[in-house]
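Could you use the hints to bring the two separately framed chains together as a complex?
Chain residues, written in single-letter form:
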Amino acid sequence: MSNLPALMIAVPLFGAFTTPLLKKRYQLASLWAIIITGVSVILSLLLAQEVMDKGIVMYVFGADNANLVLPSGYKVPIRIMFEIDAMGVFMAISATLMSFIGALYSYSHVKMETGLEKYYALLQLLEVGILGMVLTGDLFNLFVFLEIAGIAGSALVGFRNYRGEASEAGIKYLIVSSVASLMVLFSIGLLYGQYGNLNMAYLSRQIGFNTVDMIALGLLFTSFAMKCGAVPMHYWVPDAYTEVPAGINPPLLVATYASLYALFRVSFSLFATITWNMARVGWAMSIIGVLTMFIGVTMALVQHDVKRLMSYHAISQTGYMLLGVGVGLTVLHDPQALASYGRDAMAGGVFHIINHIIYKSLLLMTAGALFYVTGTRDLNKMGGLARKMPYTTIAFIVGAAAISGLPPFNGFASKFLIYETSYRLNPLLAVFAMVTSVLTLASFVKVFASAFLGPPLEKFEGAKEVPKPMIVAMLILAALCILFGLFPNVVLDKLVYPAVDALIKFAQYQTWGGLA
Amino acid sequence: MNGDIVAINFPFIVVALLLALGFYTIGFKRNLIKVVIGVEILEGAVNMFLVALGYSKGGYAPIYTLAPKESLNNMVLPTPQALTLTSIVIGVAVSALMLAFAVNLYKHYGTLDVTRMRRLRG
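Protein chains in written order, with my numbering: chain A, 6 to 521; chain B, 50 to 171.
Okay, chain B solo, but in the shape it has when bound (with noise of 0.2 Å):
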């Protein structure tokens, strides 16, 4: 019985794992490609709670179309999975732009280390 309870749980205790891992990256990494992987994580951390959220085990696709019988009553929340796609798409824009940002960055002080290109202070 145990065991169940902790398998249930087994995708949030990553969840947390996770929000811990990214927000340490965020706040003590000085690498700034670094801090991006940081935020991506709290993302992946972020949506796989939503997906978690939904997800029912054994359960079916949430498509009525053609749906064996026992299926009924027995599908996943199709709306966590929507938002997650949705989340997912603004994660790439996201982090396309700060990896450009990075670039950008790299090119004007030949480093990454956020702690050297501190130029605005104050």
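The shape of chain A in the complex, shown without the other chains (with noise of 0.2 Å):
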């Protein structure tokens, strides 16, 4: 098994390349693209639990040592190195599930689209996309698996390529994440000039004070912050969701929560010597995360589309964890408050990745089985759902609540973590936090009025339950969403706890685990 993370990469890239060879046999390409998918959950499984044994993993390609030096004794990393700790195993998980969810949602979904031999193959690449970049150490392999993840999904995004509006949307969505990714290629230019190297932890070590260096970090901040979606830089999410298949949105989801671990990893990590010094990076993260929550969810309030009103409460959940995340930043030189609330702040906004990443991918997913059933996306068009469709109508409870911060659904648990935290820092920003919660709330209330109360509608009387395959991974979801509810301390001492101390203990990112 100490081929792990090279197969974590294998695995759904040698799946993409073989479900092309099923031409016109669909339901073979998607059975196909479960089994992969499900295999690298259980991959990523294995390689939490070993994370967790031994703390950071050091894959290198091409060699047994990462202190392997040339013949001629230059000693620099020359190889491609995959350095794997919690925090990157933690996003991890979510690709992996979220793309096995997906695959299992579609099975049925896309049944009547065609040439879904080429969406499987998508769906597999988009997610060695994600894979590469939560596990890479090296930073050109980083911009390489962004293109990836960026061509794929934007494909993704076009696929009902009958539709102009998709093509629009995968446009947007590639213009802006090839302009990201180049603006990334850039600043990696900018750091090798100087440092010689390319490897994350290698370069941290060298990385000072000087004026190409703020520059190539401004860079890197601007363009993950856009691919993440952050405002101003937002709207090209809505587009996107709105138009990519039900289920592709949890990997796409997971897609952009990629960039936003590249922007947490670039600010802890790589550029560990400046931000622990400047709490400026930490305020501009957090001022940024409230904006962005307060503009989505102000936007998201008077759309009647039901998918790309979940969308902006997608910029707007991005915000939380901005903040979350920012907070924790902010404090980083400041080792009393850090150990009071910044630690705690930061497990907010991890935590919040997964819950969100779950939850809205259940909402979307919803919302998916409602244009399944009756053809259209506009809330004013639909109505009297409930009793037709009983298992979406659960999902949707379960999610609206859960994005809206009721006890004791997962939401609840990381916004409360947020709140506190942010308090502490600044109260202004937990009231922005808490306001926004209850604009969701407002906003979630209306969805579940209009879709899902009121008469049943004459031209709804055949509407029935959307097939298996959807409810099953409706259903899955909504337990999770539950169980993170419940057992919140579970979820945070396993997992977010391990991956905020892997993101501040930077020490040990570093030096590879200690190898160096």
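Hints are computed from structural coordinates only; laboratory data are not their basis. None of the values given here were measured: they were computed from a predicted structure. Some hints could be false.
Rough simulated footprint, nothing fancy, chain A against chain B, three-plus residues with beta-carbon under 8 Å [stated by the list, open to error]:
#1 81-92
#2 98-108
#3 119-125
#4 131-137
#5 155-166
Some chain B residues flagged as far from chain A (calculated, every beta-carbon gap over 12 Å) [what the hints assert, rightly or not]:
#6 D53
#7 V55
#8 A56
#9 F59
#10 I62
#11 V63
#12 L66
#13 V95
#14 L115
#15 A116
#16 T128
#17 V143
We put the beta carbon where it would ideally sit given N, CA and C, even for glycine.
This is the structure we're talking about:
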């Protein structure tokens, strides 16, 4: 099992390249995708076990040892390395789990479309991109996987190519992601030009305070913020999430948060010398977070397309994560504040990532189910569906309660941590976070009332519950919502606090877990 | 002496100009094909930046087999060139996909003007 990190990439990549061979055999292709994504879930759990037991896992491609030097004695890591700490493995679990759920849901949801073998190939390629981004320890490798995820993601956004809007959303997403990744490459060039290597851990030992480093930090920060949908670069999110088939929403969400992960990795590990001495970076992140959550939710209130509404909420929830981790980043240089609330704030932010991935995927999938049954996404044209679609209704109620932060669902657990801790930094931040939560609840009450309640409409007389694979996928996520909400301590202790500590203890990361 | 500084920095000046041009094209042009060209210009700028980083004047190709003696401490850096190659390959995929989207959009709306095809609003 020592090749586990390589297998994490190799298995879905193998799936992505074999799926197109199943041309016109759509059922087989989707079963194959379900098997491959299921296997990667197991692999990611094994990897998590290993990371929890042994600490940081290093995997060097083409050598046994990270310390191996060139024959000339030149002591620079020249090989591509995977460096997997608890934060990376946390994201890897989210990615594999959501790809599996997405494949399962797609089994029935896109049955009527054509070209499905390519759809499943792209789904697995997207998974490869995300996994590569979160596992790699090499800056250029990060760029390559960022592009893979961007290309696969935007091809999937434009999958329904008989709709003009889908191509429009696809090209928008592609332009944003390619500009962002080109700027990432530019700043990689800036760093390489100065220090002559690409390994993140090795680079972070050398980065200092000079102007070029600051420019590189600024470029990386804005590019990744752009790709994770923070204000003012949020405009692509609603289009992409609305037009993508609902089965792809879960992996696409994780792809967005893989950029968020890269943002955290860059701010905490790569530029540790700068961010540990400057609270400004943390303040920037917190303020962007507050703006993102507030602007996102106010734009969500006026929507009447159900998926578009939920997509604006996705922007707003990203704000919570930025706020939580931003508060932690602000007090990083102050050990007392860090121990008393900074660490908990980061735990709130990181915990919110997985919670949001779960409940927002659930909500977008219920929206996909509504679309599957009614053929429309306009809330004004729906009504009275609660009796026809009991399981979808239950799933929706759970998801809506979770996103509004009602106990005992998972959204409450992470939002409460963020409220408590951001209050300690500045009460105004917490006020905005709470107001946003109330507005979120208001807009989901609207969706519930107009889609599920009310008198049954005549045109939906023959409406039936969606097929079983879709129900199973939704109920798995609904169950996770409740479980994470009832036992937040288990998740926090097993997954979230190790991930937060991995970010805070950057010296561990810099030395490849004590190797050098 | 002053001329030398300009000569050494000339690639970087071109990179800055290309970056500005690319961002201008993406931001202000209304034709979708021109926006795609803008992304391509940006990519060209970044690729050129990478190659220029590894270049040394009069340097040799970084191949040790049968290398002449005077080349030993005067080789260009191979890594930026490898990075550039990878980035070019990725860029081709990106531009192919973007152009495919543009063709599809033209079929649907009969125009490439981004201000007239915006149906996704709000």
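Hint-by-hint comparison with the structure:
1. 81-92: holds (count 5)
2. 98-108: That given contact holds, which follows from 3 residues of the segment 98-108 of chain B lying within Cβ reach (below 8 Å) of chain A.
3. 119-125: violated (count 0)
4. 131-137: holds (count 3)
5. 155-166: holds (count 3)
6. D53: The assertion about D53 (chain B) holds, with a minimum of 19 Å to chain A.
7. V55: holds, 19 Å
8. A56: holds, 18 Å
9. F59: holds, 16 Å
10. I62: holds, 15 Å
11. V63: holds, 14 Å
12. L66: holds, 14 Å
13. V95: Given that some Cβ of chain A is not farther than 12 Å from that of V95 (chain B), nearest at about 5 Å, it is violated.
14. L115: holds, 18 Å
15. A116: holds, 14 Å
16. T128: Non-interface label on T128 (chain B) violated, nearest chain A Cβ at 7 Å vs cutoff 12 Å.
17. V143: violated, 5 Å
Checked against the numbered hints above, the structure breaks hints 3, 13, 16, 17 and satisfies the rest.
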